Amino acid sequence: MILVDNLGYRYPKQTELALRDVSARVDPDEVVGIVGPNGSGKSTLGRLMKGLLWPSEGRATVDGLDTRTHGLEARRLVGLVFQNPNSQIVNAVVEQEVAFGLENLGLPPEDIRRRVDSALNSVGLIGRELEECYRLSMADKQRVALAAVIAMEPKYLILDEPTAWLEPTVRWPLLEEVLRWRAERRAGLVLVTHRMDEAQTCDRLYGMLDGRVEAQGTPEDVLQDRTIRAKLALDVPETFELAASLRAGGVPVAEGTSIDRLAERISA
Amino acid sequence: MQVLEHSGNGITVDKGEVVSILGAPGSGKTRLGLELAFLRRPEVGLVLFQGENPLARKRSMQPLKRPREVTMLVQNAEDQLFARTVFDDVAFGPRQLFLPDAEMERRVTGALRAVRLDPAEVRDRSPFALSGGERRRVALAGVLAMEPVVLILDEPTANLDPRTRNEFSDLLRPLRHKSAIVWLTTSAREASQADRIYVLGDGHVSEVHGGDELLRDWRRLIPTGVELPAVFELAGALERRGFELPADVDSADLEDGIVTEWQRRHHDR
Ligand SMILES: Nc1ncnc2c1ncn2[C@@H]1O[C@H](COP(=O)(O)OP(=O)(O)OP(=O)(O)O)[C@@H](O)[C@H]1O
Ligand SMILES: [Mg+2]
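Protein chains in written order, with our numbering: chain A, 1 to 268; chain B, 1 to 269.
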């Protein structure tokens with residue numbers, strides 16, 4: 001479990017706290033969403049959970065390991081995909097980037113090959129191993145960054161707006177691939193997102209505002225509440241509303257899932 | 001008055017209007033944007049700014065000059081912030097125009113306010129000490145402060161929170177008496193907020209008048225791979241599974257159509 005307890009964080013040379021009194025947890029085998037307006041502290045919370053930043057107040061632990069005193073072990077358990085792939089990618093060539101972390105772990109070459117292939121397969125980059133990273137579109141860079149983290153087979157995976165740059169037609173297929181990957185391994189997943197349909201598929205949500213957790217609960221609790229939505233600059237989850245309205249029309253669809261699942265159910 | 005024209009595909013932009021160009025990623029939207037901004041030579045035809053081709057040399061020795069009055073916010077513009085403070089970053093463009101200090105101040109604070117950042121709070125901060133969405137807003141403020149005749153925005157809402165994304169066209173409103181805006185987007189919902197819409201599909205461009213007309217023609221939009229409101233996406237997915245749904249309807253009627261078709265199929269069994 002990732003646990004943050006009364007966490008406060010102040011960036012160097014800043015007077016204001018970027019996070020205040022934040023308590024949150026991520027269990028293995030659950031999908032936790034983080035939503036909230038620009039600048040509310042989502043990415044900062046992700047970095048503290050990964051142990052890239054140390055709390056100014058309170059504590060962050062991963063499976064009981066304090067990120068401050070047992071940083072290396074804690075960080076190994078957590079994979080973080082950055083909001084901006086340009087700040088993550090350090091290697092020139094796609095497969096180098098994906099193999100990079102594994103090589104640092106000193107794994108045997110056969111294992112590295114297998115893991116790299118499987119990760120590239122998950123993000124749909126098979127056949128593009130030798131392309132140069134800097135030439136890739138933002139969408140493809142985002143895929144490479146994701147593959148590099150997946151290849152490390154972390155126990156917890158934090159994705160900071162993983163689909164911001166993805167084209168609509170691949171956004172859901174890719175996300176479902178990640179969700180499948182996660183489910184197979186029973187990994188914990190943290191999804192930072194501005195997309196309400198993505199938030200809708202999480203088990204639980206934290207709604208951030210001004211560095212605090214302003215709302216938490218199931219996606220229905222958080223997203224159906226008009227007041228919370230207004231406060232947190234959120235939107236109506238479109239597929240959820242659509243599913244509800246179809247149900248009202250007598251079509252027996254489940255609570256809002258992806259478009260493809262809705263279509264499957266309706267045409268069954 | 002026409003300020004920009006691309007003869008290769010019939011795109012025109014009038015003074016003060018918001019024109020959107022809707023296309024899936026990979027449809028050539030960015031290339032088109034670069035061509036309209038004179039950052040790339042058009043593959044077909046000419047691009048004219050206020051009736052003239054600025055890339056035409058009058059004499060062979062004359063250097064090519066792209067007009068400053070056309071500015072583009074590129075896709076990952078937040079990666080190009082570089083100054084020590086937010087103020088200096090936003091002021092960089094207008095400084096090239098040699099404006100008096102008071103005018104600089106007015107433009108920079110005005111642009112920061114337009115993107116919903118508090119000038120007093122952010123002006124002296126480092127652009128690197130900002131969240132992803134805040135950085136994008138600063139990048140956007142930078143091009144707004146230029147007050148160009150034509151402003152080309154390539155997917156400007158990526159990274160913005162849902163409210164700001166929904167209100168994006170409001171955010172552009174105060175600019176309209178100064179600049180014409182070309183808004184490149186993958187989202188039909190965003191595109192429909194513009195005065196006029198060009199749809200990019202199969203490498204050619206077609207014009208649509210207003211958001212209603214755009215969405216009523218949803219069946220044509222499905223194969224282009226642009227992002228549609230959920231009910232249209234669902235209709236597309238159902239048609240691929242053999243459903244027959246009404247064409248030329250709005251979202252409410254389309255939803256009724258889905259319910260009716262489901263009932264019909266259910267009844268037949
Ligand atoms: N490196 C930094 N140094 C100082 N302050 C920072 C830094 N990064 C972020 N901040 C500030 O901390 C606060 C929280 O930022 P954070 O990046 O966590 O927000 P966010 O919720 O991820 O926003 P977005 O939706 O825009 O990505 C903001 O006020 C931001 O300006
Ligand atoms: Mg962020």
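Hints listed in this document are in silico derivations from the structure and should not be mistaken for laboratory results.
Don't take each hint at face value.
Claimed, not checked - Some chain A residues judged to face chain B by a derived CB distance under 7 Å, without partners named:
1. 72
2. 91
3. 138
4. 233
5. 235
6. 242
7. 251
8. 260
9. 262
10. 267
11. 268
What you are looking at is a predicted structure, and each value in this text was computed from that prediction instead of being measured.
Ideal Cβ positions, reconstructed from N, Cα and C, are used throughout, including at glycine.
- Task: Go through the hint on residue 262 of chain A and say holds or violated, using the shortest Cβ distance to chain B against 7 Å.
- Result: holds (6 Å)
- Please verify that hint: residue 138 of chain A, Cβ, nearest Cβ of chain B, below 7 Å or not. Hint on residue 138 of chain A: holds, closest Cβ of chain B at ~6 Å, below 7 Å.
- Message: So, as I understand it, the hint says residue 242 of chain A touches chain B; can you test that by seeing if any CB pair is closer than 7 Å?
- Response: holds (5 Å)
- Query: Regarding the hint that residue 268 of chain A lies at the interface with chain B, is the smallest CB-CB distance below 7 Å?
  - Reply: Cβ of residue 268 of chain A sits 9 Å from chain B, so the hint is violated.
- Message: Let's test the interface hint: is any C-beta of chain B closer than 7 Å to that of residue 91 of chain A?
- Response: Given a least distance of 18 Å, the restraint on residue 91 of chain A is violated.
- Message: Let's test the interface hint: is any C-beta of chain B closer than 7 Å to that of residue 233 of chain A?
- Response: holds (4 Å)
- chain B contact restraint on residue 251 of chain A - CB to CB distance below 7 Å: holds (5 Å)
- Closest C-beta approach of residue 267 of chain A to chain B relative to 7 Å, hint status: Since chain B brings a Cβ to about 4 Å from residue 267 of chain A, closer than 7 Å, the hint holds.
- Item | chain B contact restraint for residue 72 of chain A - C-beta distance below 7 Å | violated (26 Å)
- Message: Does residue 260 of chain A hold up as a contact with chain B if the rule is Cβ-Cβ below 7 Å?
- Response: OK, holds: residue 260 of chain A within 7 Å of chain B, min 6 Å.
- Interface restraint verdict for residue 235 of chain A against chain B (beta-carbon cut-off 7 Å): Holds, because the Cβ-Cβ distance from residue 235 of chain A to chain B comes to roughly 4 Å (cut-off 7 Å).
Violated hints for the displayed structure, listed by number in ascending order: 1, 2 and 11.
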